[in-house]
Amino acid sequence: GENVEQHPSTLSVQEGDSAVIKCTYSDSASNYFPWYKQELGKRPQLIIDIRSNVGEKKDQRIAVTLNKTAKHFSLHITETQPEDSAVYFCAASKAAGGAQKLVFGQGTRLTINP
Amino acid sequence: DTGVSQDPRHKITKRGQNVTFRCDPISEHNRLYWYRQTLGQGPEFLTYFQNEAQLEKSRLLSDRFSAERPKGSFSTLEIQRTEQGDSAMYLCASSALGPTDTQYFGPGTRLTVL
Chain G
1 GENVEQHPST LSVQEGDSAV IKCTYSDSAS NYFPWYKQEL GKRPQLIIDI
51 RSNVGEKKDQ RIAVTLNKTA KHFSLHITET QPEDSAVYFC AASKAAGGAQ
101 KLVFGQGTRL TINP
Chain Y
1 DTGVSQDPRH KITKRGQNVT FRCDPISEHN RLYWYRQTLG QGPEFLTYFQ
51 NEAQLEKSRL LSDRFSAERP KGSFSTLEIQ RTEQGDSAMY LCASSALGPT
101 DTQYFGPGTR LTVL
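Protein chains in written order, with my numbering: chain G, 1 to 114; chain Y, 1 to 114.
To be clear, the hints were calculated from the coordinates, so they are not data collected in a lab.
Check each hint, because a few of them may be wrong.
[Said to hold, decoys possible] Computed list of lysine-lysine pairs in BS3-like fashion (alpha-carbon distance at most 27 Å, straight line):
id, chain 1, residue 1, chain 2, residue 2
1, Y, Lys-57, G, Lys-94
2, G, Lys-71, Y, Lys-14
3, Y, Lys-14, G, Lys-68
4, Y, Lys-71, Y, Lys-14
5, Y, Lys-57, G, Lys-42
6, G, Lys-42, G, Lys-22
[To be verified] Per the computed footprint, the stretches of chain G lying under chain Y, defined by three or more beta-carbons under 8 Å from a beta-carbon of chain Y, are:
id, segment
7, 22-33
8, 63-73
On a predicted model such as this, the values are computed, not experimentally measured, just so you know.
Where a beta carbon is used, it is the ideal one built from N, C-alpha and C, also for glycine.
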């Protein structure tokens, strides 16, 4: 089955700097790659996603890139702010009978230092 | 609030007892997913419904676990004869039938088995 590896497990950056989180997946049939942000005690919230027919997607300070050949995708956060501090999860899935069950990475705890 | 809701938010039980959790998806979302999240890990897929049909179950879902979605709206997840290893956050997500299938998560039910 699908396996998703996420690095680093913890990341600390200065406010205003950029943060990059990387994920690799094993199943070449995976075609959907969302990123979720989870603050302590709260639900995972989708922040950006990308599909396999696109190489890059950007939404204000957040961007995701996908390299299908290498089977890896990355989250880029620019001009980081204290409210970006949270745990970030990448996930991968493939449509199977309509279902897109998500396989998550282990998470990255991002800390923004003021 | 028109998001995914879950009840209860917290449940403390003694080993061997049965527990039942409820998930109310976003209105008109045909797909409903259950995930389990342990501390410091990403969510793990448990099971998936499309309308009232349970279409996939993970091997993580032992015989003590059962899920239903009788009318294609809310869903219940029951754990019989709870064990300490069942302690986790149980997350529900829903999505609309269609090509995007973006999953929106509920706040989760935190189960503690003593």
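Hint check results:
| no. | hint | verdict |
| --- | --- | --- |
| 1 | Y:Lys-57 x G:Lys-94 | 16 Å, holds |
| 2 | G:Lys-71 x Y:Lys-14 | 44 Å, violated |
| 3 | Y:Lys-14 x G:Lys-68 | 47 Å, violated |
| 4 | Y:Lys-71 x Y:Lys-14 | 31 Å, violated |
| 5 | Y:Lys-57 x G:Lys-42 | 25 Å, holds |
| 6 | G:Lys-42 x G:Lys-22 | 23 Å, holds |
| 7 | 22-33 | violated (count 1) |
| 8 | 63-73 | violated (count 0) |
In summary, the structure is inconsistent with hints 2, 3, 4, 7 and 8 from the numbered list given earlier, while agreeing with the others.
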